[in-house]
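Residue numbers (the working numbering), protein chains in the order written: chain A, 26 to 144; chain B, 26 to 144.
Because the hints were derived from the structure by calculation, they are not lab data. Don't take each hint at face value.
Which copy is meant is left open, so a pair is good if it fits within one copy or across any two.
Capping the alpha-carbon separation at 25 Å, the derived lysine-lysine pairs in BS3-like fashion look like this [what the hints assert, rightly or not]:
| id | residue 1 | residue 2 |
| --- | --- | --- |
| 1 | LYS90 | LYS68 |
| 2 | LYS68 | LYS28 |
| 3 | LYS90 | LYS80 |
| 4 | LYS84 | LYS28 |
| 5 | LYS34 | LYS68 |
| 6 | LYS90 | LYS28 |
| 7 | LYS61 | LYS28 |
| 8 | LYS34 | LYS80 |
| 9 | LYS84 | LYS34 |
| 10 | LYS80 | LYS28 |
| 11 | LYS90 | LYS34 |
2 protein chains.
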Amino acid sequence: MNKVNIEEKLSQIHDYWNPRIAGELNGQHVKLVKFKGEFVFHKHDNEDEMFYVLKGSFKMEYRDKTIALNENEFLIVPRGVEHRPVADDEVSVMLFEPASTLNTGDLENEYTKHELSSI
Amino acid sequence: MNKVNIEEKLSQIHDYWNPRIAGELNGQHVKLVKFKGEFVFHKHDNEDEMFYVLKGSFKMEYRDKTIALNENEFLIVPRGVEHRPVADDEVSVMLFEPASTLNTGDLENEYTKHELSSI
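Can you make the complete structure from the sequences, with help from the hints?
Pasting the structure below:
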């Protein structure tokens with residue numbers, strides 16, 4: 026029942042593609058993450074995923090189109106849809122998704138984070 | 026699969042205590058709402074509720090304490106806990122909660138919104 030200050034939490038994140046759990050409710054996680062560079066195409070078979078841009082901007086690539094996301098914009102990627110975040114510069118993002126969500130979805134690679142830290 | 030611009034959506038909201046649905050994922054709703062004044066004490070027996078301050082500030086009153094929330098801070102109110110938002114001035118808030126959540130929880134009164142509009 027304590028409040029969370031986003032700026033304060035973001036200041037503790039010094040790496041990329043490594044989501045931290047900032048809140049939990051109704052089986053869902055609120056995660057904070059910084060992106061920079063290109064991620065990998067992946068999908069989540071059972072989870073929709075929300076990306077809310079807190080600071081900066083990035084592009085969400087689908088197989089057939091790209092959506093540019095700026096500060097204070099959000100995007101919901103439906104389950105089953107392949108996607109890849111690409112950030113030219115550092116961007117801070119809040120994620121809402123089921124606690125079961127693996128960051129690389131159906132892939133297992135060097136980006137995969139099985140255990141997330143809380144922040 | 027379209028992005029949502031928060032500012033643009035907020036500019037369409039001209040009343041208070043009337044949440045709009047801005048997104049849906051995993052059985053949860055992302056809602057946008059403006060508060061001003063005092064709401065009523067209520068609780069949600071089966072839903073945790075997240076309040077994220079987009080613009081402005083407000084206070085969340087519990088029966089035994091009050092938490093001041095400012096821009097870019099969020100609070101998760103656990104199910105079963107009585108709470109009342111109070112805003113001295115207009116505040117814009119994003120809610121994240123199960124689609125089943127009724128705004129006045131266990132109460133039925135003039136604030137109750139059974140049907141929410143999408144925005």
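Now the hints, each set against the structure:
1. With identical chains, the CA atoms of LYS90 and LYS68 are at most 25 Å apart within one copy only, with a shortest distance of 15 Å there and 43 Å across copies.
2. Proximity of LYS68 to LYS28 under the C-alpha cut-off of 25 Å is restricted to the inter-copy arrangement: shortest distance 18 Å between copies versus 32 Å within a copy.
3. Taking CA atoms no more than 25 Å apart as the test, LYS90 paired with LYS80 passes inside one copy only; the shortest distance there is 23 Å, against 32 Å between copies.
4. Taking the closest pair of Cα atoms, LYS84 and LYS28 come within 25 Å of each other only across two copies (11 Å); inside a single copy the shortest separation is 30 Å, beyond that limit.
5. Taking the shortest Cα distances, LYS34 and LYS68 never come within 25 Å of each other, neither inside one copy (27 Å) nor across copies (28 Å).
6. Proximity of LYS90 and LYS28 under a CA criterion of 25 Å is satisfied inter-copy only: 13 Å between copies versus 37 Å inside one chain copy.
7. For a Cα distance limit of 25 Å, the shortest separation of LYS61 from LYS28 across copies, 20 Å, qualifies, whereas the shortest one inside one copy, 28 Å, does not.
8. Taking CA atoms no more than 25 Å apart as the test, LYS34 paired with LYS80 passes in both settings, with 13 Å inside one copy and 19 Å between copies.
9. Within a single copy, LYS84 and LYS34 get their C-alpha atoms as close as 23 Å, and across copies as close as 21 Å, so both meet the 25 Å cut-off.
10. Taking the closest pair of Cα atoms, LYS80 and LYS28 come within 25 Å of each other both inside a single copy (20 Å) and across two copies (16 Å).
11. Proximity of LYS90 to LYS34 under the C-alpha cut-off of 25 Å is restricted to the inter-copy arrangement: shortest distance 24 Å between copies versus 32 Å within a copy.
Taken one by one, the earlier hints fail for this structure only at number 5.
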